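Q: Sequence:
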Amino acid sequence: MTESRIHPETGKRLTRGVREQAVTFGSLVQTVQVPGWYPDDESDSIHSGADLKALNAAYAELCAAYAARSNL
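Going letter by letter, the sequence shown gives residues 394 to 465 in my numbering.
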């Protein structure tokens, strides 16, 4: 059986999964696989702090890359 929960605002059924999300800083873009609780459509999902760890790391990498590129 798939683990599920109900979204507290939309009332939609959410299941645990991983989806690709794009992180953008300036003109730089990186895609990251982000775990979380997702509905069947593209509406609101729910994430814990641990779920967002890869997303935050990608953002930090892009910030550093953008700063290095700007200093050239």
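Please keep in mind that the hints were generated in silico from the structure rather than gathered at the bench.
Note that the structure is predicted; figures quoted are calculated from it, not measured.
Heads up, some of the hints might be wrong.
Per label pair, the in silico range of CB-to-CB distance [what the hints assert, rightly or not]:
| no. | residue 1 | residue 2 | range |
| --- | --- | --- | --- |
| 1 | GLU435 | PRO401 | 35 to 41 Å |
| 2 | GLU402 | PRO428 | 16 to 22 Å |
| 3 | PRO401 | ALA453 | 28 to 34 Å |
Where a beta carbon is used, it is the ideal one built from N, C-alpha and C, also for glycine.
Q: Hint by hint, say whether it matches the structure.
A: Quick rundown of the hints versus the structure:
1. GLU435 / PRO401: 35 to 41 Å: At roughly 18 Å between Cβ atoms, PRO401 and GLU435 fall outside 35 to 41 Å, so the hint is violated.
2. GLU402 / PRO428: 16 to 22 Å: holds (20 Å)
3. PRO401 / ALA453: 28 to 34 Å: Check passed, 29 Å falls within 28 to 34 Å.
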